Amino acid sequence: MEFVRSEPARLRNGSIINPRRHENVLTSFIDASMVYGSDLSKVLQLRDNGGKEALLKTSFYRGKERLPQGKPDVCINDGPDHYCALAGDDRVNEQPGLTAIHTVFHLEHNRLVRKLVADILVAQGRRSTPLDIAAYIKTAPLLVKEKLFQTVRKILIAVWQKVVYGEYLPIILGPDIMTKFQLWTGSRVNFDPHVDPSISNAFSSAAFRFGHTLIANVFHMDKDHILKDMFSESSHILEKYESMCEGLVSWNNAAETFNRHLADSITNHLFANNRMNKTGLDLASLNLQRGRDHGTAGINAYRKYFGLRPYQISTSFGTALSIFEPSTDDVDLFTGGTCERSVKKGIVGETFAHILGQQFHDLKFGDKYFFETSDQRYGFTTAQLISITKLSMSKILCSNGGISYIQEKPFHQANYYYNPLVPCDELPDIDLTYWVSEFSY
Numbered sequence: 001m002e003f004v005r006s007e008p009a010r011l012r013n014g015s016i017i018n019p020r021r022h023e024n025v026l027t028s029f030i031d032a033s034m035v036y037g038s039d040l041s042k043v044l045q046l047r048d049n050g051g052k053e054a055l056l057k058t059s060f061y062r063g064k065e066r067l068p069q070g071k072p073d074v075c076i077n078d079g080p081d082h083y084c085a086l087a088g089d090d091r092v093n094e095q096p097g098l099t100a101i102h103t104v105f106h107l108e109h110n111r112l113v114r115k116l117v118a119d120i121l122v123a124q125g126r127r128s129t130p131l132d133i134a135a136y137i138k139t140a141p142l143l144v145k146e147k148l149f150q151t152v153r154k155i156l157i158a159v160w161q162k163v164v165y166g167e168y169l170p171i172i173l174g175p176d177i178m179t180k181f182q183l184w185t186g187s188r189v190n191f192d193p194h195v196d197p198s199i200s201n202a203f204s205s206a207a208f209r210f211g212h213t214l215i216a217n218v219f220h221m222d223k224d225h226i227l228k229d230m231f232s233e234s235s236h237i238l239e240k241y242e243s244m245c246e247g248l249v250s251w252n253n254a255a256e257t258f259n260r261h262l263a264d265s266i267t268n269h270l271f272a273n274n275r276m277n278k279t280g281l282d283l284a285s286l287n288l289q290r291g292r293d294h295g296t297a298g299i300n301a302y303r304k305y306f307g308l309r310p311y312q313i314s315t316s317f318g319t320a321l322s323i324f325e326p327s328t329d330d331v332d333l334f335t336g337g338t339c340e341r342s343v344k345k346g347i348v349g350e351t352f353a354h355i356l357g358q359q360f361h362d363l364k365f366g367d368k369y370f371f372e373t374s375d376q377r378y379g380f381t382t383a384q385l386i387s388i389t390k391l392s393m394s395k396i397l398c399s400n401g402g403i404s405y406i407q408e409k410p411f412h413q414a415n416y417y418y419n420p421l422v423p424c425d426e427l428p429d430i431d432l433t434y435w436v437s438e439f440s441y
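Residue numbering for the sequence shown follows full-length UniProt numbering, beginning at 1 and increasing consecutively.
Derived from the structure by calculation, the hints contain no laboratory data.
One or more hints might be untrue.
Stated by the list, open to error - Okay, derived cross-link-like pairs now, DSSO-like style, lysine-lysine, Cα gap no bigger than 27 Å in a straight line:
(1) LYS147 x LYS52
(2) LYS64 x LYS42
(3) LYS64 x LYS180
(4) LYS57 x LYS180
(5) LYS344 x LYS409
(6) LYS390 x LYS180
(7) LYS390 x LYS154
(8) LYS64 x LYS223
(9) LYS390 x LYS304
As the structure is a computational prediction, the values presented were derived from the model and not from experiment.
Model the full assembly from the supplied sequences, consistent with the hints where possible.
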């Protein structure tokens, strides 16, 4: 199986840094780069009118907005009549579930722009019909358009951080790790300039790849779709986007259990339908090799780093690990981490939980612009912050995914007693009137 090494980081004179480090082409921060990209050229490419408009570009399918058309050569069917999406992250076309989530947040930006413009028009005593909103956005001076774009971008980044820390991480890490690494939301954060927010190798090469174990082999939409048949084929998303969004949170689309077993589509058929990889790749093997490529230490090295007891061959778990390596110290981080039992009220095991907890701690306290920062020069007023926290992942899916009913906790399966479906209209939305005063000129 072919394997391409990560590009090494280099000094200004072109020489490779020793010991070898690796480039990260994405931004480290939780800044909605999947919507806006990680550099200026990408965000200008995504905005209308050569980067001068408040709205992000979209394409239309039967009158409904979708992601804009990207370069066709990254998808399987690259003819002029086939759809290949463009988004802030180039991996958008890897599989339709990913394409759907990219679409949801891309459209959420445009929804928030229109919602903010409606509030501005009302404050000015003007009509705020869809036509009036569209006319305002189209004819506004460039300065106002830029202000609209940057204001909504800042809001959406904050919403994304709120979803990650407030809705997603507690499920993954459990309450004990959330408390240990100060990850709970609900209070102001003091920026620490001594915290390094860059992404660690242990996080990117192993621990955050825990999600690969949760990938299901089948997507339940209008009918069952095998994942291996959907790689790099974004045409599915044009007609079935709403069905995909609903399917991602439906009761019969449960994630796989966190363990060392990965779905057949990603261990035997990864990108097999892509014309560049006819035989298919093995994601588990790629993860192991990527960790070795990046010089990631074995699992015991990280357990010692976090003050956890290293696994010994004499223990039952150590004996189980010995099927991979004679010494538990030689067991790869990804292999050992996926063999651990889940932490209390969480999903990942103890070692992964500490690596993830430390990384998300650093991304929180090392980010001057974190949405709950105590410095309002970079953050939000109290009223604005309260409004941001009202917007949930469920409401975002409702507003942009064609869903009428959804559970309030979309990262959990719907349950009649504990997580029932509710009408989307009953979910609170963000109040953007707290930003209208910024457009008083």
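(request) State the violated hints by number, sorted upward, taking the hints as numbered earlier in the document. (result) 3, 4, 9
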